[in-house]
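Chemist: Take the sequence shown: its letters are residues 5 to 157, numbered as in this note's numbering.
Honestly, the hints are just simulated from the structure, not real lab data. A portion of the hints provided could be inaccurate.
[Said to hold, decoys possible] In silico lysine-lysine, PhoX-like type, Cα no more than 20 Å apart, as pairs:
no. : residue 1 : residue 2
1   : K149      : K52
2   : K149      : K99
3   : K50       : K149
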Amino acid sequence: MKTAIIIGIVIVGIIGAVAVFASIPSDTWQDNRTEFTGVPLPDENKEKIDCLSRGGLWDNGCNIERKNLEDAPSSYRNKIIPTLDDFRNTLNESKDIKTIFFKFGEPHNDIGSGIHIYVYELNDFTQIWIGYTDRILYVQHVDVKGNILEKLF
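Can you make the complete structure from the sequences, with help from the hints?
Modeler: If you want it as structure tokens, here you go:
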């Protein structure tokens, strides 16, 4: 007898829930947004993170305010992202590793094995690779996949 009462209560509850949901207008569940506000594409998140980590502002694209590297105190040089022209100008003046370290700070990475390959990240997300032993062997402008875009030295 108790089982029949419990089953009856459950059935009445289900019928009641269906009746309540059936009485709610269907436009309650419509999406009335005028533009897509969903989850961004994974590549867009990576671009945003890269931009923000370089001190840029994201507004439908990365905007990194250009600052004069020459006027920056040495303690702030590693926070200012250099440009390809910064490296070209420096190499026109001197091809000495100490000058490069002084102007641009310590490299972001050293990926060499047997020789140093110093890596500096540029403001356009490309890189400068400097091959070095006891002298500079080469300076290359490289894209994100490691393809050489230009040999600077």
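Chemist: Compare the structure with each hint and give your call.
Modeler: How the hints compare with the structure:
no.: 1; hint: K149 <-> K52; in the structure: 19 Å, holds
no.: 2; hint: K149 <-> K99; in the structure: 26 Å, violated
no.: 3; hint: K50 <-> K149; in the structure: 15 Å, holds
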